[in-house]
Amino acid sequence: MSDAVLVSLSINDEVRPVAIPIDRTLLDVLREDLRLTGAKRACEAGACGACNVLIDGHTARSCLTLAADLEGCAVRTIEGLAQDGVPSVVQQAFLDAGAIQCGFCMPGMIMSATELLADNPSPTIAEIRTGISGNLCRCSGYVKVIEAIALAARRLAPSRPMAAAS
Amino acid sequence: MLMKSPKTEAAIGLTMSRLEALEKASGAAAFTEDMTLPGMLHGALVLSPHAHARILGYDLSRALALPGVKAVITGAEIGRRYMGLVVKDETALAVDKVRYIGEPVAAVAAIDVATARAAAALVEVEYEPLPAVFTIEEAIAEGAPILHEDFASYFKIYDASTCRLPNELTRSEIILGDVAKGFAECDVVVERVYETAAQNHIYMEPCAALAAVDGRGKVTVWSSTQSVFRTQANVHESLGIPMARIRSVVPRVGGGFGGKSEATVQPVAAALALKTGRPVRVVLSREEDMITMRARHPARMRVKTGARRDGTLVAREFEAWFDGGAYADDSPAVLNFAMFFAGGPYRFEHVRVEGHAIYTNKLRAGAFRGFGNPQATFASESQIDEIARELGMDPLELRLKNIVKPGDRWLGGQTLATSGLEACIDKVIDASRWRERHGSPLPAPAGKRRGLGLTLTAHVCGFLSTSAIVRLAEDGSVTLNTGAVDLGQGSDTVLSQMCAAGLGLGVDDVNFVAPDTDASPYNSGTNCSRVTYMVGRAVGEATQAVQAKMAKIAARILECPEDDVELLPGGLMGVAGSNRTVSFKEIAARSLWFADGGGPVIGSGSIMHNEPLDPKHTLLSGMVSFHNVGAFIFGAQVAEVEIDEVTGKVDIVEAWCAHDVGRAVNPGAVEGQIQGGFVQGAGYALSEEMLWKGGRLINPSLSDYKIPCALDVPYEIRSFVVEVPDPTHPFGAKGVGEPPLIGAGPVIANAIADAGFRVRRLPITPERMLRAMLNGEDGVDV
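In the order they appear, the protein sequences are chains E and G.
What the first sequence shows, in our numbering, is residues 1 to 166, in sequence order.
What the second sequence shows, in our numbering, is residues 1001 to 1782, in sequence order.
What the hints contain is simulated information worked out from the structure, not anything from laboratory work.
Take these hints with a grain of salt, some might be off.
[Claimed, not checked] Label-pair ranges, simulated between beta-carbon atoms:
| # | chain 1 | residue 1 | chain 2 | residue 2 | range |
| --- | --- | --- | --- | --- | --- |
| 1 | G | Thr1415 | E | Asn120 | 33 to 39 Å |
| 2 | G | Glu1767 | E | Pro21 | 31 to 37 Å |
| 3 | E | Leu156 | G | Asp1214 | 48 to 54 Å |
| 4 | E | Arg155 | G | Gly1039 | 55 to 61 Å |
| 5 | E | Ile22 | G | Glu1128 | 39 to 45 Å |
| 6 | E | Pro17 | G | Gly1039 | 23 to 29 Å |
Keep in mind the model is a prediction, meaning the values are calculated, not measured.
We treat Cβ as the ideally placed atom computed from N, Cα and C, and that holds for glycine.
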């Protein structure tokens, strides 16, 4: 058993002290210790993005992130996107565009889309494709995922003209 | 007769979000690995390091001595209890012999995953290595080592007496007419070999199961499965527990694509739970999943096609060799299904198909979206283009001249009732501007070449048995129970839409029940593009039965003849030609509380497709039954590709995919199937290939085995939903799960050929493409 360190872990705006073995991944801490099972284990090698969370607003592979390093960082998981039970604009757009099939990759995909739109409110189709290129989906063929993100962009910035398609 | 009208059918043709979409978008959806139970242990597998070896003994002492380990179980302890759908040749854990690298030989239950894995590494198994065979050629050579010495005694649901070669597990033949006579009449004959690689399913959720035992010894298994009933049967057969003491249920499933049709880790989880008396969860890592589960059959196909000068296709000979791996799984059915489509959707007068499935010391091959047809259609449709070139005809005109029409008969003798094939062709030809653009070089950037390709797809949706139960609740809503598992394709939603339409209700008035062998009526599985079509028929029958019972009660309440009762939208029945109505709620109350009410209103439907084959039309031998094949579904696809002349990389510029779905119950979901299927097929066509070296899978990771990401496929995948209603379905609907994938291989290969290079082996990786451009190689390993 590795040495544990006490970390004040900020997850979805809630700060809690957690004793974390130094080699324990954020994915394990979320899923096993905190029972936040939205982030998915699909490759555990950083290749698929199903475990993506936001750390200080940037997507990170929670399967490759050591939780003991996260003192002072703000972690947001898929469970922390809805406000007062209302899905975020991005989540709602995924529903409305019919982008969700089996849903296993979707928590990670939605986190990547959330970061993308925070950084670039009016992405082109090409920028959306690049923005989600680290998230593998085996069901959708990505078309409706791209449509969902474009829809979310329009809703988030209705006055801004949507950049032309690729 | 189902009472229906456009008004009561408002739920059909409605693009609505999946019932469980919000749950999935919010992270709340529970997949098997998200579930825990009090006192739950974690399981880990011990995998064979040998491709073929005799098991001489086990030393479990070091593993059992590790603190936190609760049990170790071996194949010897479980014994020779065989399971399998088509051939019962497989045990939950290897007994006496291992037959591929990665085969589970033992399993551990411990307090956490790390301890279980550490203990698994401490299990010592003594082996005597045996000579192994890794290719079909090695496996069928005279004197080759035999994988299954007891093959003759295995239970099978097909005729294996025709097998003659070492390690041959299926040898089938289909004969229509006389190919020798046919080829003699031809002006042009083309004969080529086509090959395809092993594709891995890469469902995003690796296989997982959680098992728990109650005080009476009844095992409940939650698992990522395509069929709760197949899971129950597999646990029953492999562990020898009566079905009455096995309950199989399913949380959300993170994709299946065929790979979760048969047993995964459920028998092991159940065995460990029984041994420890505690709940046990077994979750495979991605690497373990790729090494131990299943793949699409690698295939080698020799295809010969003959035509007259005027473009009439006359004769087709097709010889298929499918590498089944170490266990049969669905191999005979997959091979036979491929053979069924060896002629493609064309009016050949003479067809001879010969198929072989062979055991080798590699991962088992099994069901995978398309079920043998992606291989067959790649070969068949590539060759149609090749013969068009020989004839100097446009590949579109050659196809149009020869396609099957309603009333024509398929191999086996089944008559085509309807066909949306021509409508599909029209859609993609118009949208891609084929007639203007095909035939002369397409404009392309410097250093690139472009090509435009066409393919047709033929498939069937159906097979096997299924049922549904609809119950009227006291408030006039209904509960639908079908036993059909939604893998993510949206069947819960589509079945609810059909149930709603069958009773003139809204989808919110339907309570969809999660499949559970304790409570749900039988459904064979979510396979073969069959749920919308087959389960939909059962739902239609069940709603019809409910209608009939309700009409009786309504007639009593409304004091009119039963024949005058009509179904109205919004949960009402009325007297035809009047404005007198009664609500479902009143009908329910009458049934439940009044002496003349007849008791609770429950309707059920049981379906088995039965289409007698005609032995005078086609001779079949060594095959599984095709009497229950189902309804034909057709499609057409066009793709434009761009080849990088320096790197050999092939990009899909745009794709047009039209598929006849009979009637789209949920058009948005149909588009999702078309787009997703095409992209999974694009991976099969261009990048996905499981590679073995000396029996060892050398690329078991998502970094080394490349499925398409968003940058690998175009956004411009145009889907066209063609609707030619099917007369055998209550709403005219048919399946669409598999055909979009089936077309992707040949349409991409044909587009590449249009750019100048015919490649006859999938996947067309940059390396193969470069070799084709530099050396004129066709990619086939000879």
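The hints, checked one at a time:
At about 56 Å, the beta-carbon gap between Thr1415(G) and Asn120(E) misses the expected band of 33 to 39 Å. A beta carbon spacing of about 44 Å between Glu1767(G) and Pro21(E) contradicts the range 31 to 37 Å that was offered as a hint. For Leu156(E) paired with Asp1214(G), a C-beta distance near 50 Å keeps the hint of 48 to 54 Å intact. Remark: the range hint 55 to 61 Å for Arg155(E) to Gly1039(G) is contradicted by a beta-carbon distance near 46 Å.
In this structure, Ile22(E) and Glu1128(G) meet the distance hint of 39 to 45 Å, their C-beta atoms being roughly 44 Å apart. For Pro17(E) paired with Gly1039(G), a C-beta distance near 27 Å keeps the hint of 23 to 29 Å intact.
Hints 1, 2, 4 from the earlier list are contradicted by this structure; the remaining hints agree with it.
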